[in-house]
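Colleague: Per the working numbering, residue 1 is the first one in the sequence shown, and the count goes up by one each step.
Keep in mind the hints are simulated off the structure, nothing from the lab.
Treat the hints loosely; a few may be bogus.
Stated by the list, open to error - With a Cα cut of at most 27 angstroms, we get these calculated DSS-like pairs of lysine-lysine:
1. Lys137 <-> Lys157
2. Lys259 <-> Lys98
3. Lys17 <-> Lys2
4. Lys82 <-> Lys121
5. Lys88 <-> Lys137
6. Lys157 <-> Lys2
Stated by the list, open to error - Derived DEER-like restraints, expressed as beta-carbon distance ranges:
7. Ile69 <-> Lys130: 41 to 47 angstroms
8. Ile208 <-> Lys159: 28 to 34 angstroms
9. Ser194 <-> Lys92: 44 to 50 angstroms
10. Asn244 <-> Asp132: 15 to 21 angstroms
11. Lys97 <-> Ser133: 41 to 47 angstroms
12. Lys17 <-> Leu210: 36 to 42 angstroms
13. Arg156 <-> His127: 21 to 27 angstroms
14. Met131 <-> Lys71: 20 to 26 angstroms
15. Thr32 <-> Lys157: 20 to 26 angstroms
16. Lys93 <-> Pro265: 27 to 33 angstroms
17. Asn9 <-> Lys204: 27 to 33 angstroms
The structure presented is a predicted model; accordingly, all values stated were derived computationally and were not measured.
Even glycine gets a Cβ: it sits at the ideal position worked out from N, Cα and C.
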Amino acid sequence: MKKYLLEINNLTIEFSKDKSFLDYFYKNSKNTLRAVDNLNLSISRGEILGLVGESGSGKSSLIKALVGINKIKEGKVLYLGKEINYSKRNIKKFLSKKFQVVFQDPYSSLNPAMTIFSALKEVVKFHNNKMDSHNIKEKVISLLSMVGFSKDLMYRKPKSLSGGQRQRVGIARALAVEPEILLLDEPVTALDVSIQAQILNLLKELNIQLNLTMIFVAHELPVIDFMCEKVAVMHLGRIVEFGNKKEIFNNPKDPYTIKLIQSIPKLPY
Numbered sequence: 001m002k003k004y005l006l007e008i009n010n011l012t013i014e015f016s017k018d019k020s021f022l023d024y025f026y027k028n029s030k031n032t033l034r035a036v037d038n039l040n041l042s043i044s045r046g047e048i049l050g051l052v053g054e055s056g057s058g059k060s061s062l063i064k065a066l067v068g069i070n071k072i073k074e075g076k077v078l079y080l081g082k083e084i085n086y087s088k089r090n091i092k093k094f095l096s097k098k099f100q101v102v103f104q105d106p107y108s109s110l111n112p113a114m115t116i117f118s119a120l121k122e123v124v125k126f127h128n129n130k131m132d133s134h135n136i137k138e139k140v141i142s143l144l145s146m147v148g149f150s151k152d153l154m155y156r157k158p159k160s161l162s163g164g165q166r167q168r169v170g171i172a173r174a175l176a177v178e179p180e181i182l183l184l185d186e187p188v189t190a191l192d193v194s195i196q197a198q199i200l201n202l203l204k205e206l207n208i209q210l211n212l213t214m215i216f217v218a219h220e221l222p223v224i225d226f227m228c229e230k231v232a233v234m235h236l237g238r239i240v241e242f243g244n245k246k247e248i249f250n251n252p253k254d255p256y257t258i259k260l261i262q263s264i265p266k267l268p269y
């Protein structure tokens, strides 16, 4: 029996909904919004799994649940076959070593008052408390080199960097923890097209170099097509189609998947 790195079984996430004026007149109106509904998903080590769907489909809600931000109402998340206990006292440290998130907007996730070196040094030092200052600096330089970021820029602050440079720093900071799974929440959506290509190529290189498992969240199908071999199509909190990229793109079964693929812009010739 195949052992997956990560398994998500029957996962449900709900949020409380503010009542409108009319809700008080209808007894059957629901007080909750189901963002993720009985979702099942599995991923093997070293895979890049694409999670695609329009805004509001539940993609980011799922990512936040994996790192303990969103509360799970029902279901289980298993790491190497063992259930993750999200209510455990020291669970945050465990989660930070297993999962790291790279967000859409790199600037908002960086401290504007800190230099790039200081921001990365803080992460490396926290997770390697026996490492001396010289080795910490070498580790930071190594991380920046790994993501193609010049060490000449490491004493700059985020404001003086381009969007692509900031995203490289965001990736380096995630890698500083040496995570098992990288959760990429629309990491290139805010970037120019030429910079998008550079970041996507970097992520593919890191996947091969580190055998790094990734869940890549996006709503742009061409990006998913380039990055991923397996694709999960998400709609209204559910996985409506899952499988090999070629099967889904060439022979989609679900009406929602068909509409998504038909919406890809065609170049006029």
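Colleague: All hints, please: hold or fail.
Modeller: Against the structure, the hints:
With a CA separation close to 17 angstroms, the supplied pair Lys137 and Lys157 stays within the 27 angstroms bound. Between Lys259 and Lys98 the alpha-carbon distance is near 35 angstroms, which puts this suggested pair outside the 27 angstroms criterion. Of the supplied pair hints, the one linking Lys17 and Lys2 is violated, its CA atoms being roughly 40 angstroms apart against a limit of 27 angstroms. At roughly 32 angstroms between alpha-carbon atoms, Lys82 and Lys121 are farther apart than 27 angstroms, so this suggested pair is violated.
Only pairs whose Cα atoms come within 27 angstroms are accepted, and Lys88 paired with Lys137 is rejected, the gap being roughly 33 angstroms. A distance of roughly 46 angstroms separates the Cα atoms of Lys157 and Lys2; the hinted pair therefore is violated under the 27 angstroms criterion. Our hint of 41 to 47 angstroms for Ile69 and Lys130 is violated, since their Cβ atoms are close to 30 angstroms apart. Checked against the given bound of 28 to 34 angstroms, the beta carbons of Ile208 and Lys159, roughly 33 angstroms apart, stay inside it.
Checked against the hint of 44 to 50 angstroms, the pair Ser194 and Lys92 fails, with Cβ atoms roughly 37 angstroms apart. Checking the proposed 15 to 21 angstroms range against Asn244 and Asp132 shows it is violated: the Cβ atoms sit about 48 angstroms from each other. Distance hint check: the CB atoms of Lys97 and Ser133 are about 23 angstroms apart, inconsistent with the given range 41 to 47 angstroms. Between Lys17 and Leu210 the Cβ separation comes to about 41 angstroms, which falls inside the hinted range of 36 to 42 angstroms.
Between Arg156 and His127 the beta carbons are some 24 angstroms apart, a value that agrees with the proposed interval 21 to 27 angstroms. Checking the proposed 20 to 26 angstroms range against Met131 and Lys71 shows it is violated: the Cβ atoms sit about 35 angstroms from each other. Look at Thr32 against Lys157: about 42 angstroms separates their beta carbons, and that is not inside 20 to 26 angstroms. Between Lys93 and Pro265 the CB atoms are about 44 angstroms apart, so this pair departs from the stated range of 27 to 33 angstroms.
In this structure the hint that Asn9 and Lys204 lie 27 to 33 angstroms apart at CB holds, the actual value being about 29 angstroms.
Consistency note: the structure conflicts with the earlier hints numbered 2, 3, 4, 5, 6, 7, 9, 10, 11, 14, 15, 16.
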